[in-house]
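Asks: Listed below are the residues making up each chain.
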Amino acid sequence: MSASRAKFKAGDRVQVRFEDRPGHIRTPWYIRGKTGWVERIHGEFLNPESLGHGGDGLPKKVLYLVAFQQGDVWQRYAAKRDKLLVDIFEHWLEPAN
Amino acid sequence: MSVDHSVDQPNDAHGHEHPKHELSAVARRVYAIRELLLEKGLLTEHDIRCQIEYQEARSPANGAKIVTRAWIDPAYKSRLIADPKAACLELGIDATSINEFVVLENTEKVRHMVVCTLCSCYPRPILGRPPDWYKSFNYRQRSVNDPRGVMREFGLVPPDDVEVRVHDSTADIRYLVLPLRPQGTEHLSVTELEKLVTRDSMIGVMDALPTVPK
Numbered sequence: 012m013s014a015s016r017a018k019f020k021a022g023d024r025v026q027v028r029f030e031d032r033p034g035h036i037r038t039p040w041y042i043r044g045k046t047g048w049v050e051r052i053h054g055e056f057l058n059p060e061s062l063g064h065g066g067d068g069l070p071k072k073v074l075y076l077v078a079f080q081q082g083d084v085w086q087r088y089a090a091k092r093d094k095l096l097v098d099i100f101e102h103w104l105e106p107a108n
Numbered sequence: 022m023s024v025d026h027s028v029d030q031p032n033d034a035h036g037h038e039h040p041k042h043e044l045s046a047v048a049r050r051v052y053a054i055r056e057l058l059l060e061k062g063l064l065t066e067h068d069i070r071c072q073i074e075y076q077e078a079r080s081p082a083n084g085a086k087i088v089t090r091a092w093i094d095p096a097y098k099s100r101l102i103a104d105p106k107a108a109c110l111e112l113g114i115d116a117t118s119i120n121e122f123v124v125l126e127n128t129e130k131v132r133h134m135v136v137c138t139l140c141s142c143y144p145r146p147i148l149g150r151p152p153d154w155y156k157s158f159n160y161r162q163r164s165v166n167d168p169r170g171v172m173r174e175f176g177l178v179p180p181d182d183v184e185v186r187v188h189d190s191t192a193d194i195r196y197l198v199l200p201l202r203p204q205g206t207e208h209l210s211v212t213e214l215e216k217l218v219t220r221d222s223m224i225g226v227m228d229a230l231p232t233v234p235k
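One line per chain: the protein sequences are A and B, in this order. Each residue of the first sequence is one higher than the last, beginning at 12 in our numbering. Each residue of the second sequence is one higher than the last, beginning at 22 in our numbering.
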């Protein structure tokens with residue numbers, strides 16, 4: 012795994028891009044626009060947005076495990092400690108304050 | 022969609038029987054593709070049978086073996102968490118078809134639960150085929166916004182001071198939950214311990230069983 016090529020490191024606050032476009036996109040709708048933090052860098056993987064349409068998946072994209080407080084994703088979520096963790100590719104993430 | 026209905030006939034040209042019940046459009050399409058692959062010599066009946074047997078051989082028993090070993094051998098547990106695929110191979114379980122494999126260890130203070138909201142991603146080499154409920158819209162919606170509600174339906178009620186961590190496996194990573202070893206199981210044999218490790222406890226919607234089922 013070449014974490015050196017990763018734009019973000021564990022602990023960085025990130026916001027998921029809010030984009031609506033067609034294609035084989037692996038960023039679930041419910042998490043777009045939400046803010047969390049990088050929990051772990053999984054490594055580099057073939058890009059599903061290319062693979063899903065017959066492409067070669069290159070260049071590979073860095074994949075992160077991004078953590079969110081459940082209360083930041085769902086307004087009415089009660090248990091404060093609970094987290095939601097989603098695997099998200101780098102080009103769907105932006106730095107957040 | 023245009024489908025060659027001849028594949029529905031009980032005895033077509035190549036002389037073997039097809040199912041006589043009504044087939045869905047998707048099923049007809051699958052049979053049509055299968056016929057083409059056989060006709061063109063890209064696959065043989067033997068290849069198909071071997072693949073079915075391989076798929077059927079993968080079952081939650083693999084996962085139960087891994088979990089039990091991690092319960093009784095702390096060094097194995099460390100290796101399993103550090104390098105899950107290598108630890109699987111130690112027990113003769115081939116998880117190499119998984120791109121990346123992550124083991125999520127439950128503790129007294131943390132419960133993990135796994136879902137794929139986009140489709141049905143699942144650690145098949147370790148757990149076999151996913152149950153139907155895992156693929157249902159109901160589970161895929163509620164597991165992310167009401168995981169405690171889902172757990173309650175499976176009989177698990179984590180106290181408020183326990184952190185519930187839901188993993189939405191949207192990409193190349195496959196997750197296996199390592200459930201807590203139930204208390205008072207020190208006297209059980211490996212075979213008995215394996216019976217406590219249910220498929221659902223490795224998805225994380227419930228804990229391992231407290232006692233060996235009759």
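These aren't lab readings, by the way, just hints derived from the structure by calculation. Quick caveat: nothing in here was measured; it's all calculated off a predicted structure. Every residue gets a Cβ at the ideal spot worked out from N, C-alpha and C, and that includes glycine. Take the hints with a grain of salt, since some may be wrong.
As the list claims (entries may be wrong) - DSS-like cross-link-like pairs, simulated, lysine-lysine; straight-line CA separation at most 25 Å: (1) A:Lys45 to A:Lys18; (2) B:Lys130 to A:Lys91; (3) A:Lys72 to B:Lys106.
As the list claims (entries may be wrong) - Here are the in silico distance ranges between beta carbons for each label pair: (4) A:Trp48 to B:Glu174: 24 to 32 Å; (5) A:Gly22 to B:Arg173: 30 to 38 Å; (6) B:Thr65 to A:Ala21: 45 to 53 Å; (7) B:Thr117 to A:Arg24: 47 to 55 Å; (8) A:Leu69 to B:Leu110: 28 to 36 Å; (9) B:Pro152 to A:Lys71: 30 to 38 Å; (10) A:Trp40 to B:Pro180: 30 to 38 Å; (11) B:Ser141 to A:Arg24: 25 to 33 Å; (12) B:Arg150 to A:Gly68: 35 to 43 Å; (13) B:Ala48 to A:Ala90: 41 to 49 Å.
Asks: Are the Cα atoms of A:Lys45 and A:Lys18 separated by 25 Å or less?
Replies: 19 Å, holds
Asks: Given the hinted pair B:Lys130 and A:Lys91, is their Cα-Cα distance within 25 Å?
Replies: 14 Å, holds
Asks: Does 24 to 32 Å hold as the CB distance between A:Trp48 and B:Glu174, or does it fail?
Replies: 30 Å, holds
Asks: Has the given pair, A:Lys72 with B:Lys106, been kept, meaning a C-alpha gap of at most 25 Å?
Replies: Holds - the C-alpha atoms of B:Lys106 and A:Lys72 are around 22 Å apart, at most 25 Å.
Asks: Given the hint of 30 to 38 Å, check if A:Gly22 and B:Arg173 actually sit that far apart at their C-beta atoms.
Replies: 33 Å, holds
Asks: Return holds or violated for the Cβ distance of B:Thr117 and A:Arg24 against the range 47 to 55 Å.
Replies: 35 Å, violated
Asks: Given the range 35 to 43 Å, decide if the beta-carbon distance of B:Arg150 to A:Gly68 lies inside it.
Replies: 26 Å, violated
Asks: Is the distance from the Cβ of B:Thr65 to the Cβ of A:Ala21 consistent with 45 to 53 Å?
Replies: Holds, since B:Thr65 and A:Ala21 (Cβ atoms, about 49 Å apart) stay within the stated range.
Asks: Note whether the CB distance of A:Trp40 and B:Pro180 lies within 30 to 38 Å or breaks it.
Replies: 32 Å, holds
Asks: Is it true that the C-beta distance of B:Ala48 to A:Ala90 lies inside 41 to 49 Å, as the hint says?
Replies: 43 Å, holds
Asks: Taking 25 to 33 Å as the hint, is the beta-carbon distance of B:Ser141 and A:Arg24 inside that range?
Replies: 31 Å, holds
Asks: Is 30 to 38 Å a correct range for the gap between the Cβ atoms of B:Pro152 and A:Lys71?
Replies: 32 Å, holds
The structure fails to meet hints 7, 12 from the earlier list, while all remaining hints are met.
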